[in-house]
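Visitor: Use the sequences and the hints to build the structure in full.
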Amino acid sequence: MSLVPSKPSKYPLAFLGLMLVCFHLEAVPGGEEAFGALLSDKAIGERILRSTGARRNMVFVQGGQMIRILEYADGTTPVPLSAAAKDDPVIAKFLEDLAPLVKDGYVAGDDKSFAEFMKRVSFTLAYDVRR
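Going by the working numbering, the first residue of the sequence shown is number 1, and it counts up by one from there.
If you are wondering where the hints come from, they were derived from the structure by calculation, not from laboratory data.
It cannot be assumed that every hint is accurate.
What the hints assert, rightly or not - Simulated pairs of lysine-lysine, DSSO-like, Cα-Cα distance not exceeding 27 Å:
1) LYS119 / LYS103
2) LYS112 / LYS93
3) LYS103 / LYS93
4) LYS42 / LYS103
Guide: Right, here's the structure in full:
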């Protein structure tokens, strides 16, 4: 029995019953404290979880850097953060507040700028070793 999917998937872990999305942000110099405080807010993390269809939202913040990992159940179509922001004014405000704090960031409210930004900060899975 092979664990390799029969056809390539846009989401490399989808065949394992889950899909992970990971991205990294870095604070602008001098903005580390505000950046860390904004990204450490568990309430916004819960809103993002619900609004994007994720079943898990993990955020690691240290030294002006953040790593976010979103986990989705197999078959779930993730809702992009930009779409979630259109439906939830709290997420829209969060993204607006975050924009000036992120190095090489995006223009708040500009979908094209945000989409290009997400491409720059998102990671492709190299491997997932399990036991």
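Visitor: Next step is simple, just say for each hint if it's right about the structure.
Guide: Structure-based check of each hint:
Taken as a hint, the LYS119 and LYS103 pair is honoured in the structure, with Cα atoms around 14 Å apart against an allowance of 27 Å. Using a Cα cut-off of 27 Å, the hinted pair LYS112 and LYS93 holds, with the two alpha carbons roughly 18 Å apart. Distance check on the hinted pair: LYS103 and LYS93 sit about 18 Å apart at the alpha-carbon level, within 27 Å; holds. Taken as a hint, the LYS42 and LYS103 pair is honoured in the structure, with Cα atoms around 22 Å apart against an allowance of 27 Å.
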